[in-house]
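Chemist: Construct all of the structure, not just a fragment, from the sequences and the given hints.
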Amino acid sequence: MIGFNFFGFGFPIIFGCPVAYGGPNEPAIKSIHNYLLDLFGSSVECRCKTSSRAKQLYPRPIWYIPKLQNLSALSISCHGEEESLRKVWSDFSMVPVFKHIDFSFLCLSVVDLHGSIIQRHEFMPKSQKLFPPKCKLYQAESIETTQFYISTPAILSLFQGRQAIVKCVFFEISYLIEFMNRWKSGKAFQKLECLQIEKVEDDGDGRDGDVTDFPQVLDRIGAKYIDETKTPPTHTVPKIHIEFHGANPNTPEIKSHAYVVRESDKRVASVLIQGRVFQFGVWDKTEEEFLRMME
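Quick note: the sequence shown, position 59, residue 61 per our numbering, numbers continuous.
Check before you lean on any hint, since a few could be wrong.
Stated by the list, open to error - List time: in silico BS3-like cross-link candidates among lysine-lysine, alpha-carbon distance up to 25 Å:
#1 K128 with K201
#2 K226 with K268
#3 K51 with K101
#4 K193 with K138
#5 K232 with K193
#6 K136 with K51
#7 K51 with K69
#8 K101 with K89
#9 K287 with K189
#10 K89 with K131
#11 K226 with K189
#12 K186 with K169
#13 K138 with K32
#14 K257 with K268
#15 K186 with K201
#16 K89 with K136
#17 K136 with K186
#18 K226 with K186
#19 K69 with K32
#20 K169 with K128
#21 K138 with K128
#22 K51 with K89
As the list claims (entries may be wrong) - Computed spacing ranges between beta-carbons, pair by pair:
#23 L39 with E180: 40 to 46 Å
#24 D114 with K257: 38 to 44 Å
#25 F42 with P135: 33 to 39 Å
#26 H259 with V239: 43 to 49 Å
#27 D221 with K257: 34 to 40 Å
By construction, these hints were calculated from the structure, which means they are not laboratory data. All C-beta atoms, glycine included, are put in the ideal place defined by N, C-alpha and C.
Modeler: This is the structure we're talking about:
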């Protein structure tokens, strides 16, 4: 286990893998990265974590995306009072599509691509301005986001990958219904394997988004049901991104009597609602094949 500490912040070495800390103007990061690639080859998975959250540090860390070879996973944490998205989207345009992105977007305001300041209460109506449809955030094979609004970023509308977890403070049922209808029509999310939406607690401003509407989704999306006397099959698939050594290699299990059918190819997806969590898992089976599993 190796740790590199360029700024003297005193970070504990807890990652169980080689770790290097640096900033946009730190050439040693690239040198060490290239050395490790030469030593271990391209089979080694390289990950980048960038954050502006550590307010106690001075100068405050700058979140940036280094242009390094063989990066497969990216973790971005945006928690400041005012963050600039212009630099991040510029960096995104210079790197290939990531295998996995972990994106925490809980800042109070942002500076958009055109230099305009957008306050948190404006995030929803200006979602596409903040996160354009062609943003590589939506192109990752696997994504996990923590965000104030279910629509910002618009994972339920624009995600093109296979596995997604969305944690949000404020949830609106209409976005979930639209997602389900588009999946059922076969016009979007053809690659999707599983989706999980978690309604998380508010940040202390006294508001707590509506969670009681979750159960109404099943009636409004035309869900079908397995006979209650039968035990439904369990949906789980291998994770695209494993967080750390020893972590569960498979996605969360979904075991539900409710399911929906895609019109274009009759593929089935299990749907499970438990409290503040909505789970959606797509089977590589038609409805007929799916029901035959329980005979």
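Chemist: Next, verify each hint and record whether it holds.
Modeler: Here is how each hint holds up against the structure:
In summary, the hint linking K128 to K201 is supported, as the alpha carbons are separated by about 22 Å, within the 25 Å threshold. Annotation: proposed proximity of K226 to K268 holds, straight-line Cα distance about 13 Å (limit 25 Å). For the hint linking K51 to K101, the alpha-carbon distance of about 14 Å falls within 25 Å, and the restraint holds. The suggested pairing of K193 with K138 holds, with an alpha-carbon distance near 16 Å, which does not exceed 25 Å.
For the given pair, K232 sits about 29 Å from K193 by alpha-carbon distance, which is inconsistent with the 25 Å threshold. Taking the CA atoms of K136 and K51, the gap is near 22 Å; set against the 25 Å cutoff, the hint holds. A distance of roughly 13 Å separates the Cα atoms of K51 and K69; the hinted pair therefore holds under the 25 Å criterion. For a cut-off of 25 Å, the pair hint linking K101 to K89 stands: about 21 Å separates their Cα positions.
Our distance criterion of 25 Å between C-alpha atoms is met by K287 and K189, whose separation comes to about 18 Å. With a C-alpha separation of about 15 Å, the suggested pair K89 and K131 falls inside the 25 Å cut-off, and the hint holds. Note on K226 and K189: the hinted pairing holds, with a Cα-Cα distance of about 20 Å set against a maximum of 25 Å. For the hint pairing K186 with K169, the CA-to-CA distance comes to about 23 Å; that is within 25 Å, so the pair holds.
Taking the CA atoms of K138 and K32, the gap is about 22 Å. The hint holds against a cut of 25 Å. Our distance criterion of 25 Å between C-alpha atoms is met by K257 and K268, whose separation comes to about 20 Å. This hinted pair checks out: K186 and K201 have alpha carbons roughly 23 Å apart, not beyond 25 Å. The straight-line distance between the Cα atoms of K89 and K136 is roughly 16 Å, inside the 25 Å bound, and the hint therefore holds.
The straight-line distance between the Cα atoms of K136 and K186 is roughly 23 Å, inside the 25 Å bound, and the hint therefore holds. Simply put, K226 and K186 have alpha-carbon atoms about 13 Å apart, close enough for the 25 Å limit, and the pair holds. The straight-line distance between the Cα atoms of K69 and K32 is roughly 8 Å, inside the 25 Å bound, and the hint therefore holds. Between the alpha carbons of K169 and K128 the distance comes to roughly 19 Å, so the proposed pair stays at or under 25 Å and holds.
With a CA separation close to 18 Å, the supplied pair K138 and K128 stays within the 25 Å bound. At most 25 Å may separate the alpha-carbon atoms for a hinted pair to count; K51 and K89 meet this at roughly 16 Å. Between L39 and E180 the beta carbons are some 43 Å apart, a value that agrees with the proposed interval 40 to 46 Å. Here the CB-CB span from D114 to K257 is close to 42 Å, well matched to the stated 38 to 44 Å.
Distance hint check: the CB atoms of F42 and P135 are about 37 Å apart, consistent with the given range 33 to 39 Å. One distance hint, 43 to 49 Å for the beta-carbon pair H259 and V239, is violated here, with the actual separation near 20 Å. Taking 34 to 40 Å as the suggested C-beta distance range, the pair D221 and K257 does not conform, at roughly 21 Å.
Hints 5, 26 and 27 from the list above are not met by this structure, while the remaining hints are.
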